[in-house]
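Visitor: For reference, the chains in residue letters:
2 protein chains.
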Amino acid sequence: MGLAALPRGLGGGWARLRGLTGRPGGTPARPGGAAAPAAPLLWPRGAARPRGEGTSPAAAPRRREVTLTGPRYGVRRRPFRALSGRDLAAFERLVPGRAVTDAEQLAPFNVDWLRSVRGCSKLMLKPQTTAEVSQVLRYCYERNLAVNPQGGNTGLVGGSVPVFDEIILSTALMNKIISFDKVSGILVCQAGCILEKLNEYLEDQGFIMPLDLGAKGSCHIGGNVATNAGGLRLLRYGSLRGTVLGLEVVLADGSVLDCLTSLRKDNTGYDLKQLFIGSEGTLGVITAVSILCPQKPKAVNLAFLGCQSFAKVLETFTTSRAMLGEILSACEFMDEKCMELVERHLKLSNPLTGSPFYVLIETSGSDSTHDADKLNNFLEQAMTSGLVADGTVATDAKKIKTLWSLRERITEALTHDGCVYKYDISLPVGKLYDLVMDMRARLGQSAKNVVGYGHLGDGNLHLNITAESYSHFLLDAIEPYVYEWTARHKGSISAEHGLGFKKKQYIHYSKPNEAIFLMQRFKAMLDPKGILNPYKTLPTSSEGNMH
Amino acid sequence: MGLAALPRGLGGGWARLRGLTGRPGGTPARPGGAAAPAAPLLWPRGAARPRGEGTSPAAAPRRREVTLTGPRYGVRRRPFRALSGRDLAAFERLVPGRAVTDAEQLAPFNVDWLRSVRGCSKLMLKPQTTAEVSQVLRYCYERNLAVNPQGGNTGLVGGSVPVFDEIILSTALMNKIISFDKVSGILVCQAGCILEKLNEYLEDQGFIMPLDLGAKGSCHIGGNVATNAGGLRLLRYGSLRGTVLGLEVVLADGSVLDCLTSLRKDNTGYDLKQLFIGSEGTLGVITAVSILCPQKPKAVNLAFLGCQSFAKVLETFTTSRAMLGEILSACEFMDEKCMELVERHLKLSNPLTGSPFYVLIETSGSDSTHDADKLNNFLEQAMTSGLVADGTVATDAKKIKTLWSLRERITEALTHDGCVYKYDISLPVGKLYDLVMDMRARLGQSAKNVVGYGHLGDGNLHLNITAESYSHFLLDAIEPYVYEWTARHKGSISAEHGLGFKKKQYIHYSKPNEAIFLMQRFKAMLDPKGILNPYKTLPTSSEGNMH
Numbered sequence: 001m002g003l004a005a006l007p008r009g010l011g012g013g014w015a016r017l018r019g020l021t022g023r024p025g026g027t028p029a030r031p032g033g034a035a036a037p038a039a040p041l042l043w044p045r046g047a048a049r050p051r052g053e054g055t056s057p058a059a060a061p062r063r064r065e066v067t068l069t070g071p072r073y074g075v076r077r078r079p080f081r082a083l084s085g086r087d088l089a090a091f092e093r094l095v096p097g098r099a100v101t102d103a104e105q106l107a108p109f110n111v112d113w114l115r116s117v118r119g120c121s122k123l124m125l126k127p128q129t130t131a132e133v134s135q136v137l138r139y140c141y142e143r144n145l146a147v148n149p150q151g152g153n154t155g156l157v158g159g160s161v162p163v164f165d166e167i168i169l170s171t172a173l174m175n176k177i178i179s180f181d182k183v184s185g186i187l188v189c190q191a192g193c194i195l196e197k198l199n200e201y202l203e204d205q206g207f208i209m210p211l212d213l214g215a216k217g218s219c220h221i222g223g224n225v226a227t228n229a230g231g232l233r234l235l236r237y238g239s240l241r242g243t244v245l246g247l248e249v250v251l252a253d254g255s256v257l258d259c260l261t262s263l264r265k266d267n268t269g270y271d272l273k274q275l276f277i278g279s280e281g282t283l284g285v286i287t288a289v290s291i292l293c294p295q296k297p298k299a300v301n302l303a304f305l306g307c308q309s310f311a312k313v314l315e316t317f318t319t320s321r322a323m324l325g326e327i328l329s330a331c332e333f334m335d336e337k338c339m340e341l342v343e344r345h346l347k348l349s350n351p352l353t354g355s356p357f358y359v360l361i362e363t364s365g366s367d368s369t370h371d372a373d374k375l376n377n378f379l380e381q382a383m384t385s386g387l388v389a390d391g392t393v394a395t396d397a398k399k400i401k402t403l404w405s406l407r408e409r410i411t412e413a414l415t416h417d418g419c420v421y422k423y424d425i426s427l428p429v430g431k432l433y434d435l436v437m438d439m440r441a442r443l444g445q446s447a448k449n450v451v452g453y454g455h456l457g458d459g460n461l462h463l464n465i466t467a468e469s470y471s472h473f474l475l476d477a478i479e480p481y482v483y484e485w486t487a488r489h490k491g492s493i494s495a496e497h498g499l500g501f502k503k504k505q506y507i508h509y510s511k512p513n514e515a516i517f518l519m520q521r522f523k524a525m526l527d528p529k530g531i532l533n534p535y536k537t538l539p540t541s542s543e544g545n546m547h
Numbered sequence: 001m002g003l004a005a006l007p008r009g010l011g012g013g014w015a016r017l018r019g020l021t022g023r024p025g026g027t028p029a030r031p032g033g034a035a036a037p038a039a040p041l042l043w044p045r046g047a048a049r050p051r052g053e054g055t056s057p058a059a060a061p062r063r064r065e066v067t068l069t070g071p072r073y074g075v076r077r078r079p080f081r082a083l084s085g086r087d088l089a090a091f092e093r094l095v096p097g098r099a100v101t102d103a104e105q106l107a108p109f110n111v112d113w114l115r116s117v118r119g120c121s122k123l124m125l126k127p128q129t130t131a132e133v134s135q136v137l138r139y140c141y142e143r144n145l146a147v148n149p150q151g152g153n154t155g156l157v158g159g160s161v162p163v164f165d166e167i168i169l170s171t172a173l174m175n176k177i178i179s180f181d182k183v184s185g186i187l188v189c190q191a192g193c194i195l196e197k198l199n200e201y202l203e204d205q206g207f208i209m210p211l212d213l214g215a216k217g218s219c220h221i222g223g224n225v226a227t228n229a230g231g232l233r234l235l236r237y238g239s240l241r242g243t244v245l246g247l248e249v250v251l252a253d254g255s256v257l258d259c260l261t262s263l264r265k266d267n268t269g270y271d272l273k274q275l276f277i278g279s280e281g282t283l284g285v286i287t288a289v290s291i292l293c294p295q296k297p298k299a300v301n302l303a304f305l306g307c308q309s310f311a312k313v314l315e316t317f318t319t320s321r322a323m324l325g326e327i328l329s330a331c332e333f334m335d336e337k338c339m340e341l342v343e344r345h346l347k348l349s350n351p352l353t354g355s356p357f358y359v360l361i362e363t364s365g366s367d368s369t370h371d372a373d374k375l376n377n378f379l380e381q382a383m384t385s386g387l388v389a390d391g392t393v394a395t396d397a398k399k400i401k402t403l404w405s406l407r408e409r410i411t412e413a414l415t416h417d418g419c420v421y422k423y424d425i426s427l428p429v430g431k432l433y434d435l436v437m438d439m440r441a442r443l444g445q446s447a448k449n450v451v452g453y454g455h456l457g458d459g460n461l462h463l464n465i466t467a468e469s470y471s472h473f474l475l476d477a478i479e480p481y482v483y484e485w486t487a488r489h490k491g492s493i494s495a496e497h498g499l500g501f502k503k504k505q506y507i508h509y510s511k512p513n514e515a516i517f518l519m520q521r522f523k524a525m526l527d528p529k530g531i532l533n534p535y536k537t538l539p540t541s542s543e544g545n546m547h
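Just so you know, the sequences run in chain order A and B.
Following full-length UniProt numbering, the numbering of the first sequence begins with 1 at its first residue and continues without gaps.
Following full-length UniProt numbering, the numbering of the second sequence begins with 1 at its first residue and continues without gaps.
Chain A with its partners taken away, still in its complex shape (with noise of 0.2 Å):
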């Protein structure tokens, strides 16, 4: 299954383009040509994250159960009321027949799709309304009872699930779209609505979602912005602080904040929209989103290219935004080791190899004839002045998406490889690979796969270390150095993740204790109670000074 010729110059792979610029000298085209990878896909990009047991072949071997967060942790519960018979019966009258308290249905939403944090969560809510997310919060605020929002239960950090017995309200039946507008690009929908299917509706009017990552499948767009999402497309379209316009949100209370306004400008007061986004859930629970979204672009590349070293990964890079400028929509880089768990976990296949770096080029733009131009020209200087040794190229959606899923499918790839430990780091992009060699060199032999991947173009790296099973030793190695060497390079320890429940205690290496105290005033004032999302994203007073 060979790629697709490109319109007007680019040819179907590295071969061929190197034929039409007719250059002398280079690397040799790869035998074979550029070929894609020959596996079926099990979850090709787009299509739902495996979630939990059950849901994927390849987890079979991952059904261990999971300790439970409390004991695991040594957190301990904070005084919170437990929840009654009495209270059953009020939140069965507020969302009738939508209280779940079956432990077997109850089971996938207490624990994290990595598997790392389990509550124990005995009630979860399904609101379908925000008039009904009001009503119990009220309640849940006037009888002291804990609650964890959750919208797909695709975080990282352990932020979106309870850490002992709160209540789970769940955005799942908030799906509705409420409107969007073909003139602006403005849409408005509940908090439930999954990524994907947002992207797929507006598709077909000619526009995108602003954002995209793997977990598009199963991901709310209310979850993405509580965690304030950032994925593939944040270097072209921007972060979630410009794209969302407006938001609804209900604070511990029951009240309703209504900033759902659809307008591109607005400065009438303070921003209160913008402490909810990136805030975990910990301060309120978004019901309703207003997004600008970009249009659909005409034209989309996607080159795949080999570096000899990360010193040309981060020139590949420069000269692909000094070359590409406005079509540039994408900047990705992976290490060798990513893709062989990619190959080896996933059986798919990559179509270059050889390279210790791998760098993921996309173009997006509204006229295919000038972005072939643009990316042949770049791909020639690319390729001439020894930056890239080999590539491919692809521009039909379904070659771009088995190109994608190499990239996109690494975190899935490292969850069958053992125990991972995961940092995702923002650095100075010169420093971005530093950490991998440092990490790999310190913990030589103790660790089993040190890889390093992520979104170049935005600084942003995703370190995951791997080992046969948890080793307190062996995170002992890791942490606290790994957040020392981020801060000792003015870097943020948490890029696009959250802080949730996992690395709250290390918020203090990005942040200054001035700022950690505002943020906790903040929170006190609204959830005095600290009902919503407890034992996330801000350390505690007591827990404030663990290093």
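These are calculated hints, taken from the structure and not from any lab test.
Treat the hints with care, since some could be wrong.
Unchecked claim - A few chain B residues that face chain A, going by a derived Cβ cut-off under 8 Å, partial list only:
{"no.": "1", "residue": "L257"}
{"no.": "2", "residue": "R321"}
{"no.": "3", "residue": "I327"}
{"no.": "4", "residue": "G459"}
{"no.": "5", "residue": "H489"}
{"no.": "6", "residue": "I493"}
{"no.": "7", "residue": "Q505"}
{"no.": "8", "residue": "I507"}
{"no.": "9", "residue": "K511"}
{"no.": "10", "residue": "N513"}
{"no.": "11", "residue": "I516"}
{"no.": "12", "residue": "L518"}
The C-beta atom is built at its ideal place from N, Cα and C for all residues, glycine as well.
Use these hints to put chain B onto chain A, whose structure you have.
Guide: Leaving out everything else, chain B in the frame of chain A:
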């Protein structure tokens, strides 16, 4: 002085373009071709906007004394302490030689650019460092002295000058660039850097500022951030909420909040800096800014087009967005009244005539051939479908500036037309001009001119009404009608200017009570004594229910 020929196809003017595309029919070419304005420009694009009297010959007739804000608007001074000799001595120690008390020197900083509000501050402090700002505020906080933070004093809603005797805290001497990283495009600078100077600095390195506005020659980046300035590039590069990566802010009590990170992504806790963006100096004083800057486009083109109806203006916009895609960098409109005013008061000449509406469409891209091609296709389509009746195109920097000045200097022209009532409204783009027509019909002969222009692509209308002199009768005919109209169409009563002093009591038209209440709680938390820019942005409890 004709417009230079565009490379590859786009001619020097409309006539040539029509010849090139060779379409029969359509509007005959303007006699004399597409001539650029012949009159010399007093303040060309990029020069400082004339500020107050004496800086501009044309401003001479406006030398009348401005009434003090307190009596004019019936505001009562809050019980802040009055400045004592002991205070003056203390400030002279904190910022030696930079505590201005001379009445004549202070005069221009007590009055706004529109000459609509005037305070009576007896002291302006000009700190050079964050530490000095911190010491000054700590002193003011302890002594209960009110403070008016001031950047370039170019605001249009009376937010940047004192209402009574607040101490003016000027950022004029905080004008150092701290760092610029060419790999990431991230600029870090002090708050008092002038926008245009920053842009010039960046252009030398192949980058530009992500915002641009008429006041660029005077306004400070700190003030831009404090008011969440929009401007001419927002359509392309997004709002400051996305491009500002970090801020350093001094809080009311003098404590320094260091959120001056230079990372594209950082999800460690709540994004505190967002609260200060657009807070108009009421929550803290911004002392330094970290901002993501786009690459300088290699090719810029500007088309100035005449349309026979607002419906055609709208269709021209949607067509340009569809056909120019990623290279569209601005889409502005103005009505013929605006053009009459810049011609009459500033002696600029309109290269087109006879159209009730004009549209400015700017493209910025990385390949001049491709861009000219896209623009050509768009113009042909716009012409043959009858959307556009007349037009001219500029491609070199000087001609582009000349055309841009027709749009950028409307604000200035208005100040020469008499007393100006200014409204900065966000609306669904389809409703944008209805308000102007409605207002024109409503006011009839009681207004001199009712004009509409603005950022079409952002749904942002600048509605301006002029009269020979100030009249309560006229004001009552405009307000609250204009705000009610805006609220009825779910618009915002301040798209980009902020609320400042003059619009704060109308916040209810765009924000629900719950949101205003929450804003007041944030203000009370961060500035419990209310010393920072008092009488601005938020209504006090008694002022809150004025309508």
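Visitor: Work down the list of hints and note, for each, if the structure agrees.
Guide: So, going through the hints one by one against the coordinates:
Proximity of L257/B to chain A holds as hinted, the smallest CB-CB distance being about 5 Å (cut-off 8 Å). With a cut of 8 Å, the hint placing R321/B at the interface with chain A holds, because the nearest CB-to-CB distance is about 7 Å. Evaluation of the I327/B hint against chain A yields a held restraint, the C-beta minimum of about 6 Å falling below 8 Å. Interface restraint check: G459/B against chain A, minimum CB-CB distance 5 Å, threshold 8 Å, status holds.
The interface hint given for H489/B is violated, since its Cβ lies 10 Å from the closest Cβ of chain A, which is over the 8 Å cut-off. The beta carbon of I493/B comes within 6 Å of a beta carbon in chain A, closer than 8 Å, and the hint placing it at the interface holds. Below 8 Å, beta-carbon pairs count as interface contacts, and Q505/B has none with chain A, the closest being about 12 Å; its hint is therefore violated. A least Cβ separation of about 5 Å between I507/B and chain A falls short of the 8 Å threshold, and the interface hint therefore holds.
For K511/B, the shortest C-beta to C-beta distance to chain A is roughly 6 Å, which falls under 8 Å, so the interface hint holds. Hint status for N513/B: violated, given a least beta-carbon distance of 10 Å to chain A, over 8 Å. Checking I516/B against chain A by beta carbon gives a least distance of about 7 Å; that is within 8 Å, so the hint holds. The interface hint given for L518/B is met, as the beta carbon of that residue sits about 6 Å from the closest beta carbon of chain A, less than 8 Å.
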